[in-house]
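Protein sequence lines, in the order shown, are assigned to chains X and U.
Anchor point for the first sequence: position 28 equals 28 in this note's numbering, and the numbering is continuous, going up by one each time.
Anchor point for the second sequence: position 43 equals 1043 in this note's numbering, and the numbering is continuous, going up by one each time.
Among the hints, erroneous ones may be present.
Stated by the list, open to error - Each computed DSBU-like pair below joins lysine-lysine, with the alpha-carbon atoms no more than 35 Å apart:
# : chain 1 : residue 1 : chain 2 : residue 2
1 : U       : LYS1081   : X       : LYS104
2 : X       : LYS131    : X       : LYS40
3 : X       : LYS32     : U       : LYS1056
4 : X       : LYS103    : X       : LYS23
5 : X       : LYS35     : U       : LYS1056
6 : U       : LYS1313   : U       : LYS1226
In short, the hints are calculated from the structure, not lab data.
Because the structure is a prediction, the values reported are computed rather than measured.
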Amino acid sequence: MANILVIEDDDIMLKAIRNILGKDGYNVITAKDGKEAFEKLEQGEYDVVVTDLMMPYANGLEVVSRLRSDETKRSVGIIVISSVGNEETITEAFRLGADDYLKKPIMAGELLIRIRKLLANKNSKSQLITKKK
Amino acid sequence: MWKDLADLLFQAYEQFSLLPLFIEIALAFIFIAILSTLIAYSAILIKRYRGYVYDKRYAYISPKIEDLITEQVLLNPNLGKDLPVDDIEFDQEAINNRIYRKPFVRQMMIDTLIQYRKNFRGEVGELLRKMYIDMGLEKDSFAKMKTFRWERKIKAVVELTQMDISISDVTILPLTNSGNASLRAAARNAYIQLSKNEPFKFFDIATEPLLPWDQLEMFKIITTTKDIAIPNFSRWVSYSTNKSIVSFCLKLIAHYDQQSAIPAVMDLLANKDHYYRADAINCLGKLSAEVSEEKLVKIYNNQPLNCQIEILKALGRIASGKQLEFLKSEFLYSSNFDLRMNAARSIIKHNTQHSRVMVEELMEMTHEENQLIIKHCLNPLIKY
Chain X
1 MANILVIEDD DIMLKAIRNI LGKDGYNVIT AKDGKEAFEK LEQGEYDVVV TDLMMPYANG
61 LEVVSRLRSD ETKRSVGIIV ISSVGNEETI TEAFRLGADD YLKKPIMAGE LLIRIRKLLA
121 NKNSKSQLIT KKK
Chain U
1001 MWKDLADLLF QAYEQFSLLP LFIEIALAFI FIAILSTLIA YSAILIKRYR GYVYDKRYAY
1061 ISPKIEDLIT EQVLLNPNLG KDLPVDDIEF DQEAINNRIY RKPFVRQMMI DTLIQYRKNF
1121 RGEVGELLRK MYIDMGLEKD SFAKMKTFRW ERKIKAVVEL TQMDISISDV TILPLTNSGN
1181 ASLRAAARNA YIQLSKNEPF KFFDIATEPL LPWDQLEMFK IITTTKDIAI PNFSRWVSYS
1241 TNKSIVSFCL KLIAHYDQQS AIPAVMDLLA NKDHYYRADA INCLGKLSAE VSEEKLVKIY
1301 NNQPLNCQIE ILKALGRIAS GKQLEFLKSE FLYSSNFDLR MNAARSIIKH NTQHSRVMVE
1361 ELMEMTHEEN QLIIKHCLNP LIKY
């Protein structure tokens, strides 16, 4: 069962994503802002992080950047969900290391498929690495 | 008892009338000040109490509503089974619960559903809409449309738009021309989003102006709404008597690059209003209407400054190369700084061998201020 950290400052969206992912069998941990997210990231290990962009204390781009600059957490899959749809922000998110970007309003089914794909990619990568070793 | 009170008041009045005038005035001021303070405090207390009651009710109801949406929509077992959304049924007992019959709760339900709809589209979004309809909440929104209070009407229009519920033309069209600017803007935006065939029909009847901020909002809605039927906006350029509608249509013509509208836009060059003409010239430039170049140059000398600047900009945007000599003479001999600046920018904008040679020549033959203008315009960081 994969561990997913959902970072979202909108209560409604946070609960909704938690329920959708929980229904699909994932172990979902939530954080309401960037600060809480950093604490949760320190405490646990996650397979995927689903993050909003506009949040108090630290925004989603900072979360992405922090994850990618940390050796131990570099392999975590990152999906950014945001209502910001301008090209600059999207490219910046990908440049920093996000794996996927979903613009709100999202489709629940699409989110699930993208998470599954991300996890499948991650698994095949780790299998390759162990084979090489 | 009442008699005693009346006697007391009468005695007080008698004593008051015996006082010197400035004391009477001071007492009157003190009385008014105390009374105003009491009224203000009471109003604040009442408002705070109402807020407290609302928060308490909200804290009690909100989790129930969220649970209902989670169970019936997000975790609906029929989601993802390729079933048409209309065939997915809700638990009737749950959605018809007594609690959801109270007007306050129904309004909260609508607000929460809208919040969810902002975050989810696809099957979940459609199911949220179905829940709104199945619970009869759209009737609540339509009832709000019939009230006299404009803010409630706006709320209703926004709710129905968010839930993608069509509103009949008879109901919404009069609101698009309402005297109240906020209601008018909300109704117009709703009409564009909800009307599938003729989203701009209200332009025909609009007598009230389209304010600049409303134009921005509407532009955003037009350009972001999916499957919107874009008409030929020249129809309103030719026939509308509403200046703001014509001005807005010119911007839309340029945005959608409606080349077929060029003749209608060129007709506006003969209009008496120079703001109209400036907008039309701007539109022709953005359409790169080469056919209009000669006419623009011909009318140039009879135009006010704003139109002359627009003509110079337009010639730079069209950049056919035929008017380079005209731009050069304007740059060299105009006494107005803005005109020289725009002429220089337009020459540089051509970016052809001929224009580059011309710029070099101008740099050599012209005076210091003009050379500074050219250097400024050649800076690639300064956008044109």
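Status of each hint after checking the structure:
no.	hint	result
1	U:LYS1081 <-> X:LYS104	holds, 23 Å
2	X:LYS131 <-> X:LYS40	holds, 31 Å
3	X:LYS32 <-> U:LYS1056	holds, 23 Å
4	X:LYS103 <-> X:LYS23	holds, 22 Å
5	X:LYS35 <-> U:LYS1056	holds, 29 Å
6	U:LYS1313 <-> U:LYS1226	holds, 33 Å
Every hint, counting from the list given before, is met by this structure.
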